[in-house]
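Starting from the structure of chain A, add chain B where the hints point.
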Amino acid sequence: MNHYFDNAATSFPKPKEVSLYMSDYIDKQGGTYGRSAYPRVFEASANVESLREKLASFLGTKNSSQIFFTFNATVGLNTLLFGMDLHDCHILTSPLEHNATMRPLSKLAKEKNITFDYLPHGSDGKIDASKIDSVLKSSTRLIIINHQSNINGVIQPVQKIKAASGRIPVLLDLAQSAGHCDIELDNWDIDFAAFTGHKGLLGPTGTGGIYIKDPDKIEPLIYGGTGSNSDSFEMPSFIPDKYEAGTPNVAGLTGLLGALENRPVPLHTHEDFIELLDNISSIPQLTIFKAKNSNNQGPVFSINHCDYSCSEMAQILYDKYMIETRSGLHCAPLAHKTLGTFPSGTVRFALSVYHAKDDFDYLLSALRSL
Amino acid sequence: MKHIILFKTTRDAIRAQRLCKRNDISCKVIPVPRDISSECGMALEIHNSDLDRITEIVIKNGISHDIYNK
Chain A
1 MNHYFDNAAT SFPKPKEVSL YMSDYIDKQG GTYGRSAYPR VFEASANVES LREKLASFLG
61 TKNSSQIFFT FNATVGLNTL LFGMDLHDCH ILTSPLEHNA TMRPLSKLAK EKNITFDYLP
121 HGSDGKIDAS KIDSVLKSST RLIIINHQSN INGVIQPVQK IKAASGRIPV LLDLAQSAGH
181 CDIELDNWDI DFAAFTGHKG LLGPTGTGGI YIKDPDKIEP LIYGGTGSNS DSFEMPSFIP
241 DKYEAGTPNV AGLTGLLGAL ENRPVPLHTH EDFIELLDNI SSIPQLTIFK AKNSNNQGPV
301 FSINHCDYSC SEMAQILYDK YMIETRSGLH CAPLAHKTLG TFPSGTVRFA LSVYHAKDDF
361 DYLLSALRSL
Chain B
371 MKHIILFKTT RDAIRAQRLC KRNDISCKVI PVPRDISSEC GMALEIHNSD LDRITEIVIK
431 NGISHDIYNK
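Chains as they are written, first to last, in my numbering: chain A, 1 to 370; chain B, 371 to 440.
So that you can see chain A by itself, here it is in the shape it has in the complex:
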């Protein structure tokens, strides 16, 4: 049985090839990225470049050269938001943003005269693309969308939002959606994106990256050695070196390559999941937070109990049933305000491809017994 329902924090288990690729790199292969030319370094570097190609295909872009590695989505979002030279302007965000976006924005608001508003939305936080016109200003310079909520799993209609936004650049936070949803950066004409490797992509922690359609628009966040232009104190202006100073997490990136080359077949269907949500919705003591429309439902949802706090419920679920969940605000106070669960929070359940229908039945039976 799989009792681990905290995959929105980090996924577990991973494909066995993740640890195999990593241990092979650490115990046998070794070598840094670039900087030398002997075979050990070439092989390590070639694996990192294979990953870049693989990720491009996963994210729906032909431009693998415009994918850059960071240590997670948060570092990626910071790179993008602080590298854009945003000042004296207006930004729109989804109403379900994570603090990985809201804290950088808050700093920009204090120091760079940025204002921000939230995109028009329904009660589940799904953005209403038909009303975007009403919140656009002449000073709006960026739209930020958390593609899939880490609270109720709502998947935003990115293509419609982009179409309604005209020429305003769109930044997609793919932290929760990558590996779970179809992503088409090229077809959707996305300008910027950030992703992490350790959630839906099933790789190790410490891996992630960004996509930049036009790298001339973003200054680097981190400065340092790249193995190129070594006679200069200036950062290279060419990519990927411009955004990849310092030795990358080669062991982690090799593990992420192992995950992407060995994607498991899901043990449940979307219909199984929706049936679980419907069954939980019918438990009188529980309030469920999910997408209104099951077509926009990613593999995350939250609940509250009429008698227990979210932390009490999480503890009972673990003590009595060994079910692992996350309670509280999930680093997304804005999303909880939107859903009316601030500051009390919720208990969150986040699935992975390794959950079978039996695991859903076990969870349902535990929730019914609360």
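Calculated directly from the structure, the hints in this document are not laboratory data.
Zero decoy hints are in this set.
Below, computed lysine to aspartate or glutamate pairings styled on EDC-like, alpha-carbon distance capped at 16 Å:
#1 B:Lys-398 to A:Glu-43
#2 B:Lys-391 to A:Glu-43
#3 B:Lys-378 to A:Glu-234
Nothing here was measured: the structure is a model prediction, and the numbers come from that model.
Positioned in the frame of chain A, the structure of chain B alone reads:
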């Protein structure tokens, strides 16, 4: 005679090596010669007879490069 091809980035050197392999062109990955450049990465050493083919392939694939005689 041999030639050395220099690239701006490790990524480009790896892409070029893979293209050589895919097209059955012999090449050797070597450290960037210090007398040519201050770079500390990798370069490709190729035979003179393959120069035109390789040049055509890397240009076709948008790989920025410089060629030096050895």
